[in-house]
Amino acid sequence: MTSIHAALEIGTTRTVLAIGESEPGGRLKVTCHAEIPSSGIRKSQILDIPQATQSIRSVIREIERKQDAEGAKVTIGNAFLAVTGQHVKADPYFGSAQVEGARVGDDAMNEVLRAAHSMTLPKDRELLDVIEQDYALDNLAGIPDPKGMAGRVLRLNTLQIHAERNRIQNARTAADAAHLEIREPLFAVTCAADAVLEDYEKKNGVLVIDLGGGSTGHAAYTDGYLVSTGVIGVGGDHVTNDIAHAFQTTNAQAEGIKIREASAVLSIADNLQPRIKVELGENTLLDNRTISRRALDTVVNARMMELFTVIRETLEDQDLLHRLHAGIVLTGGGARLRGVEALAEQTLGMPARIGRPIHVDGLEDEEFPAAYATIAGVLLYASRNYEDHSILDGLFGRLFSR
Amino acid sequence: MNSESPLLLLGIGTAGSSIAGGVSRAFGPGLRYALLDTDVVSSIPDAPFILLGGDRLSGRGAGGDVVAGRLAAEETIRNLDAHLEGVRLAVIVTALGGGTGGGATLETVKHLADRGIPAIVFATLPFTFEGEDRQRNARGVMTMIEDFASASFFIPLDKLVAETDSMEDALRRAVGTLASGITLFWRLVEKPGYIRLDTERLRHLLSGAGRGRFATVTVQGPGRAAEALDRLMRSELLATSCGPVRATLCGILAGNDLLLSEVGTIADGVRGAFGGLSFDLATVNDEATFSGRLSVVVMLFESNVRTETEPRTGGGVMSGRRRKSRTALNAGPSGRGRFKNVEPTIWNGEDLDTPTFVRKNLSLDI
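Sequences listed follow chains A and B, in order. Residue 503 in this note's numbering sits at position 183 of the first sequence; the count goes up by one each step and never skips. Residue 266 in this note's numbering sits at position 263 of the second sequence; the count goes up by one each step and never skips.
Bound conformation, chain B alone:
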């Protein structure tokens, strides 16, 4: 463990640990990470491991029970503190739908928030074939994670695989794709570059960023910048979400052969394709890792999932976000227009006759 790094990777549950382990292997020495699980059997040998709910579950796992996973984490999450010294930003990788991923992730994010450590959550959502119960478990915990995480990426596993994959290939491909993506993200932050994205800048950028979309591509050969851009624009992970983009982060990783024109092509293309009120660019030059290759990491943050004016909940872990009173009317901005003289429609304390973009403080590039 590199105690100097202010960036900590946490893998939660069996799937999260597997992905974090993949990142560790790909990144090599210097990655600061720890794995948290209720199941000792699935732990990775020699990896920093925190057993959750040892007394309650005896290391046998949460059995798909979100409540058991949450209680296990609640009882033992303090064991994480030994790994938090000097940490300025935590990245959590987890899989929602199961017991430990669903239950312990929330407790972990809360615990970090209590200690003033912002967290970025990369969470996979169950395959469709896993059934409605797991989908529902995942959906139930998503909004609660959003309440405590600085930024969260919910990635449907269906979008990481091909329909022609066998079950085994699909699982391997999903874990591998996510692990390689997070590894690229890690290199973007930890490796030097001409336009540096370090932990402090990332911490600032992601403060209250909300829900985001995340995709990476790696290409090589002639026309690689254009190909990277084309693949990003066709990426389901970036294109399928419905929310407007507030901020865009674009990272370019390459060797010493990275051309200025390639940076321009990608930056202009991403900015034009995905928009957003703010656009940040970072580059990494790592000849040893990327010689001849070019990788691009894109993070898009949506602006209408949660606004800064909405309160965060302090407790009620499994009760969902606390909703505002449905009877009190906020003194909101104007814009009722043709509805100014009719009975208002009030929901969660908001006057829905006022334009939504006004109430949500969405800025428009008219």
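The shape of chain A in the complex, shown without the other chains:
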């Protein structure tokens, strides 16, 4: 049975809506997606609900226009929501259970699972996910499947990912006003990781860095499961702001300079074209202004190196850095920045590559598929966990025709 779902990402720089459909072979295909520039968002947080609502309305209209053009029509009533921002936290937690009859059976497995999912959060926090890690049986740790093993006390280690309830509620409010029901909030960073990673990479140890516009998330995997994740409120917008501050440009000009000219690494090649012309637009008298390429790259390099250093120090504190043998996978629109792979390699001391959604079809023709890792991961989660035409449900979903 095929299922069809929608995913919404209210990002700092863009709002993305996508429809995914599971195919008979089990693969997921993104059948349509649309994106428009966001407004009212800073550092992955909604600051202006009416503006965010307008962004969501616009992206819904855009996806409907695309559907019309293709001769298909889906009126989206609900969507899974990608959540990120520095308010998202991950805490370790474990559940334990007594083993009856000296061998681990179904009762102990069920009991330990229930206990591991029973963490009580403060009222202002909302649980996004519970990541099950390894089992421990008495003093023996690192057990992937303890069923049938002898022991007395079974323990299941988990990572509990939770977020500030009000931040999620703001997104729900904005979506509701745009007649879109939020079906389930999902952590954007682990969704992106699931979309771009192979299982063997997770087993060998890998780090995903999701470079967003307003924040940057990381997810580290070893032995097949998530061991560390977090979000820092620094993203591509900070690079833009730094450029604007350094060269006294508008944010729009700085964004243009970043996209067209900036590099995260400094190189001798900077001297081949030492000056860059700043596009100031039509309504200015300063039409011949140039800036130093080396100065530009120095500004960008300093910011990005600091960002990677924060992640490196986080992983060093957790004694994880040396266990990530499969290297770094970069996702998100921020991974478009020239030289960012090289800088990540230098700063974190391991090979880096740009990720692309490998478990999802339909995004192959995108110019930069890594920018769609999160939305692909959200759809992947939905298709793996819900087998229904759920896109029809919701506040205002009414029509489905193909």
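One or more hints might be untrue.
[Unchecked claim] With the C-beta cut set under 10 angstroms, the calculated list includes, among others, these residues of chain A facing chain B:
1) H407
2) V554
3) P594
4) A615
5) L641
[Unchecked claim] These stretches of chain B come out as covered by chain A in the derived footprint (C-beta under 8 angstroms, 3 or more residues):
6) 138–152
7) 356–366
[What the hints assert, rightly or not] Now the stretches of chain A that chain B is said to cover, found in silico as 3 or more residues with beta-carbon under 8 angstroms:
8) 362–375
9) 561–572
10) 620–630
Hints are computed from structural coordinates only; laboratory data are not their basis. Computed from a prediction, not measured in an experiment: that's the story for all the values here. Idealized CB from N, CA, C, for every residue including glycine.
Since the structure of chain A is provided, determine the placement of chain B on it from the hints.
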């Protein structure tokens, strides 16, 4: 030993001693140096030698154990004092990743810092094939060395060899390349020239210089200045680092045939290629050594590895740099721009919404 020279070369560990020994042989009489090792077997005959951790390790080496190397140095580093009289600047050559190089280098740099002697550290990083443990040992000690050294050069051994080298050739080439580079550096400081770089000037230049990159080239024949510049610009040792350059030191060594135009070509080329807020030039005229040849030494110092505003640690030798509180917000400079009304991002006491180049005091040649 030339007790008059204010410049002292210290080789630490087996590899560091080997490189220092190579410098001694190449430079000839007048080089003031000493070797420090936990292993008596690898010591070089007739070289000034300080045994580290004699009681603890009985001269058998640290066995690749960084902690053993550090403890050995901690117990016996005072034996170095006899070699420090009149020393104004110490140059340390070492190999990180192993026990003595990793552990004793840090203790040595600390000891020198305690006595007010600035140190320049040339440290090799392990070959990739040596494995993750040694790489990790090296990485772990790098930042701590930076806390106490005036300037430090971390040189990946992979970049000193060719992929087609045999194992034996690779090791010999790596040691030889580094030894010849440091020898050139030594001549730059110790030999007379029209633009002199003596120990005091070097001491001033390198004060708090931080992490740097280092490369040398030697050429001869027609067009040698242009060729030297071309090779420097293609040098992996200079090009692969990612940090912005704050200061550049360029040394030119040649015989009496050194032309003014050659100095101009190299100086302008290096200044243009690598940038930096300050640029210093030194020349050495040594007909006996360089007749017909021209050598160039380039040192680049990066500015964003550690700023002068960051505190240095006084203790906690193996605990890494002390990090600032992650909760206190420094009253930093402005520049939050579009982030001025949103929840700040604080890390190690710094407001990350403020532009990094502002907080790190990076000057920009706009």
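We went through each hint and held it up to the structure:
| no. | hint | result |
| --- | --- | --- |
| 1 | H407 | holds (8 angstroms) |
| 2 | V554 | holds (5 angstroms) |
| 3 | P594 | holds (8 angstroms) |
| 4 | A615 | holds (4 angstroms) |
| 5 | L641 | holds (8 angstroms) |
| 6 | 138–152 | holds (count 3) |
| 7 | 356–366 | holds (count 7) |
| 8 | 362–375 | holds (count 4) |
| 9 | 561–572 | holds (count 7) |
| 10 | 620–630 | holds (count 6) |
Taken one by one, the earlier hints all hold for this structure without exception.
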